[in-house]
Amino acid sequence: MPYADTVATVRSWAEDRSIAVWTLFAGDLPPVAQAALATELERVRKDGAVVVLVVPDDVSPTPVERRLADVVVRGPMPPAPYGLLVALAAADVPDVRRLGLLGGSRDALEAGRCAGAGAVIGIATNGPGNRRLLLKGQPDRIVEPGEFADLDASVYGSERRHRERVLLNPGPTVVSDRVHRAVAGPDLCHREPEYSEIFERVKAKLFRVAGVEPDWSLVLIAGSGTAAMEAMVGASVRPGRRLLVCRNGVYGDRLATIAERLGIEVVSVKAADTEPIDPAAVDAALAADPAIDAVAVVHHETTTGLLNPVHEIAALAAARDVRVAVDAISSLGAEELRLAGSGIDFVACTSNKCLHGLPGAAFVLLSSAGTARAYLAPRRSLYLDVPGYLEAQRKSSVPFTPAVPAVYGLEAALDELLDEGVDHRHTEYRERVAYLDFAFERLGLEPTVAAADRSSSVRSLRLPEGVDYERLHDAVKRDGYIVYAGLGQAAGTTFRVCTLGALELEVLGGFIESLGRGLAEARLVNAAARLTAEAARAAQVMTGVSAAPSAPAATATGGRRRAAAGG
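Position 167 (the sequence shown) corresponds to 167 in the working numbering; numbering is contiguous.
Be aware that a few hints might be false.
Pairwise CB distance ranges (calculated) [stated by the list, open to error]:
no.: 1; residue 1: Pro94; residue 2: Gly444; range: 34 to 44 angstroms
no.: 2; residue 1: Asp419; residue 2: Thr493; range: 37 to 47 angstroms
no.: 3; residue 1: Phe438; residue 2: Ser368; range: 24 to 34 angstroms
Here are the simulated DSS-like cross-link-like pairs (lysine-lysine), alpha carbons at most 27 angstroms apart as the crow flies [as the list claims (entries may be wrong)]:
no.: 4; residue 1: Lys205; residue 2: Lys395
no.: 5; residue 1: Lys203; residue 2: Lys395
no.: 6; residue 1: Lys477; residue 2: Lys46
Everything labelled a hint here was simulated from the structure, so no lab data went into it. This structure is a prediction, so every number in the text was calculated from the model and none was measured. The C-beta atom is built at its ideal place from N, Cα and C for all residues, glycine as well.
Please work from the sequences and hints to get the whole structure.
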């Protein structure tokens, strides 16, 4: 699939079919299946697909087969794939990933796979035995002929729900074709030397990106970023000591929760969700409590898109010989993070944020002092035991099964980042968010965090009066963009826009146009709802007036009579 390179790409993701042309080989399907497919393909054709019949030499297509097709081309007999490429050209579709193959035989399905078709569908015709034969061709799906149109509509049609979109959420991200291709690498036993070689390459590339020397260590974990956080916290505090946690957002709170669940006593230094942690407050807490063994701080609080002063905090902690653990899950790769000689000893991160990989590969970087501390801390977990990973590495092994495809993707993403240049990646992030900041100001959207404290990848924005988040989210989603709800103290009054991943600036321009329309639509809907409610209240008032009992007609006369009688 293409990455988010142009507005036209995004529009196609949002509106078009994923499979534009379906192909069949003449003589591949029995007459009964051909007849059943006729009705199915008519439905598919109405949704915009083109049907191409590939006629091998020495094969005469049946009248039904000719009626199935919009275009008929000549090509060699399957499993040779070349006829499918002729079909692609005849349909004027320039991307083989938008080609689909309907096959009733192993040879036809293999032709589709060898051509690189985006969908290879087996058409089952003779019960379970036939399905088992089709499995040998490794199709994506197997369906009865009469089930095909429903499959097409739900998975490949223009109205399908699950489709590629521009993810403007704080991870996972849109990634490049290079990364998608990498995760389809060979099946690999992690106990073989080939995996150890991959691990060593990934470690060296991560060290280059992070700017650290080989005296650092790497623990690579199959899991989300929270797995890396938990491994880091568990390894940072010795028995009977405390962890100082900097808390000014959801992820600082998560660090504290992890520590508490691991049986580590927590000392908190807090700030509002929109304010950075004050290094002086950390220093004062350290001075007041010599039992504090480590400081844990989130570099980039994606709750609000706030950067914490980790370098200043680390310098103060290091002066007191206190270890520092940094959650850099959504900052490494996008923000300046100086590790060498900084006093930072543990760094938790993951592949699927600013490194532009896919979910599943989390990791902890450890300085030499951090590694030494890990061996002094209690072994509080089995799966997330940092020394266990380091001991296995010394034997060129791993303690548990790694997420090999995610590691493939991480290595490709690191190659991509190093080809681009780390400094250039940082600059690109700053350019993206500067463009959005200018556009948000023109739209009247107010960031929740002061300019000096904002990150280069996340903006938390106040919802304008009268704008409902769900309605705004759904409006931009229709255009192919995903935004994210607010978190923490401002969950109901903010939303977030993030610029992580393989995005071009032109795509963000398309998003701003969509956002402007979405805001206008949300305001109109809200205004209409308000007017409707006011009209309903007015109607209730009028109904109450008309239903009220009228004054007796004889009142005035009765009054005069009483007056006369009194006279």
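Index of numbered hints that the structure contradicts, given in increasing order
Violated hint: only 3; rest satisfied.
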